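S.K.: Quick mapping for you: the protein sequence lines, in order, are chains H and X. The numbering used here applies: residue 1 is where the first sequence begins, and numbers increase by one. The numbering used here applies: residue 1 is where the second sequence begins, and numbers increase by one.
Don't read these hints as lab results, they were simulated from the structure. Certain hints may be false.
What the hints assert, rightly or not - The calculated lysine-lysine pairs, modelled on BS3-like cross-linking and capped at a C-alpha distance of 25 Å, are: (1) X:K105 x H:K133; (2) X:K102 x H:K174; (3) X:K154 x H:K129; (4) H:K38 x H:K76.
Quantities reported herein were computed from a predicted structural model and do not represent experimental measurements.
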Amino acid sequence: MEKTFWNIYKTFFKVGTLLLGGGYVILPLLQSELVEKKNWVNHDELCEYYALGQSVPGIIAANMSIFVGYKLLRQKGAFAAATGIITPAFLAIVLIAKILQELIKYQFIKSIFWGVGVGVVILVILAVKEMWKKSIVDKFSFAIFISAFILSAFLKVSPAIIIIASAIAGIIYKLRLDKQKGDNQC
Amino acid sequence: MLIYLHLCFEFFRIGLFSFGGGYATLPFLYHIADTYHWYTPQQLSDMIAVSSITPGPVGVNVATFAGFSTAGILGALIATTSVILPSYVLVIIISKLLEKFKSNKKVQAAIYGLKPAGCGLLSAVALNIFSDNVKSLFGVGLFLILLIMSFQQKRDPLFYLGISAVVGLVAGYFHMV
Numbered sequence: 001m002e003k004t005f006w007n008i009y010k011t012f013f014k015v016g017t018l019l020l021g022g023g024y025v026i027l028p029l030l031q032s033e034l035v036e037k038k039n040w041v042n043h044d045e046l047c048e049y050y051a052l053g054q055s056v057p058g059i060i061a062a063n064m065s066i067f068v069g070y071k072l073l074r075q076k077g078a079f080a081a082a083t084g085i086i087t088p089a090f091l092a093i094v095l096i097a098k099i100l101q102e103l104i105k106y107q108f109i110k111s112i113f114w115g116v117g118v119g120v121v122i123l124v125i126l127a128v129k130e131m132w133k134k135s136i137v138d139k140f141s142f143a144i145f146i147s148a149f150i151l152s153a154f155l156k157v158s159p160a161i162i163i164i165a166s167a168i169a170g171i172i173y174k175l176r177l178d179k180q181k182g183d184n185q186c
Numbered sequence: 001m002l003i004y005l006h007l008c009f010e011f012f013r014i015g016l017f018s019f020g021g022g023y024a025t026l027p028f029l030y031h032i033a034d035t036y037h038w039y040t041p042q043q044l045s046d047m048i049a050v051s052s053i054t055p056g057p058v059g060v061n062v063a064t065f066a067g068f069s070t071a072g073i074l075g076a077l078i079a080t081t082s083v084i085l086p087s088y089v090l091v092i093i094i095s096k097l098l099e100k101f102k103s104n105k106k107v108q109a110a111i112y113g114l115k116p117a118g119c120g121l122l123s124a125v126a127l128n129i130f131s132d133n134v135k136s137l138f139g140v141g142l143f144l145i146l147l148i149m150s151f152q153q154k155r156d157p158l159f160y161l162g163i164s165a166v167v168g169l170v171a172g173y174f175h176m177v
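Produce the entire structure from the sequences given, and follow the hints as far as they go.
M.R.: Here's what the structure looks like:
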């Protein structure tokens with residue numbers, strides 16, 4: 001399949017439609033669509049975009065799509081991939097949001113929501129677990145984790161402030177470590 | 001008019017400062033509920049549940065939903081575009097200077113610091129959603145069973161949603177919830 005704007009849009013629209021229950025499942029979907037079916041990128045490139053997608057702020061599935069889109073067709077490809085991955089999500093929510101007030105009147109819908117509400121807690125805990133594996137690597141990162149948790153859960157500090165402060169703390173800590181290493185060598 | 005600008009600003013900020021994927025946007029959305037009362041925390045918990053079972057990345061779904069609840073369809077459009085915009089610009093810049101970005105020490109140090117913070121923020125969300133959604137003894141029971149299942153082996157997220165939806169349906173039928 002040729003790498004045109006319209007083909008890229010369609011491909012990501014399809015991936016966006018199949019994406020359920022959290023962005024972490026985008027990797028196998030892109031693997032099947034882009035590597036196996038279309039041969040647009042190879043597996044290693046995809047894994048690199050997955051890792052990079054997590055070091056950029058925002059929604060990982062969207063970040064990864066924009067990376068791949070850019071690689072396929074520069075600016076045009078990035079735009080096609082971004083809009084493609086968003087469209088199904090947008091349409092689904094706008095449709096459901098309109099009828100949700102009607103739906104929620106039915107007892108069996110309420111019961112399903114009650115159950116899904118409990119299931120979602122598990123999904124968030126699993127997301128915490130995934131992030132934990134990639135982020136808590138030493139005492140310093142554990143200290144940041146605990147501080148961020150307390151500041152957010154109990155003191156209701158703005159998440160943006162916590163994120164900026166921890167990035168600055170990371171830079172100061174790492175640079176001091178490097179400096180100490182440098183001093184020891186002398 | 002002012003509400004649209006405000007939405008744009010808030011969701012742009014979410015897109016710029018949330019690290020760790022769609023669920024990492026949730027602490028910001030709870031903070032908005034507490035600060036501006038565009039929607040209640042309970043409504044947000046419902047939105048998250050709906051977003052988990054609709055197509056698309058959860059982060060996009062929940063942004064669209066929150067925008068829609070605040071200011072209708074135009075609100076949904078503005079929230080969705082604004083939450084993606086920072087990623088879009090950053091990814092294109094990074095694609096252009098890929099090699100430099102990966103090896104830059106300051107960038108690496110900043111990421112090293114903010115990743116555990118993102119994890120801490122999401123843990124606070126887990127606590128929030130738990131207290132909103134798990135209010136009965138029966139709910140705690142279902143939660144514990146699912147949690148134990150998640151420790152046993154890695155499963156598709158849909159597995160947990162499917163089971164909990166069915167349990168909810170059956171429990172509702174017997175008037176247990």
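S.K.: All hints are to be evaluated individually against the structure, with a verdict given for each.
M.R.: These are the hints, each one checked on the structure:
no. : hint            : in the structure
1   : X:K105 x H:K133 : 21 Å, holds
2   : X:K102 x H:K174 : 16 Å, holds
3   : X:K154 x H:K129 : 12 Å, holds
4   : H:K38 x H:K76   : 19 Å, holds
Comparing the model with each numbered hint stated earlier shows that all of them hold.
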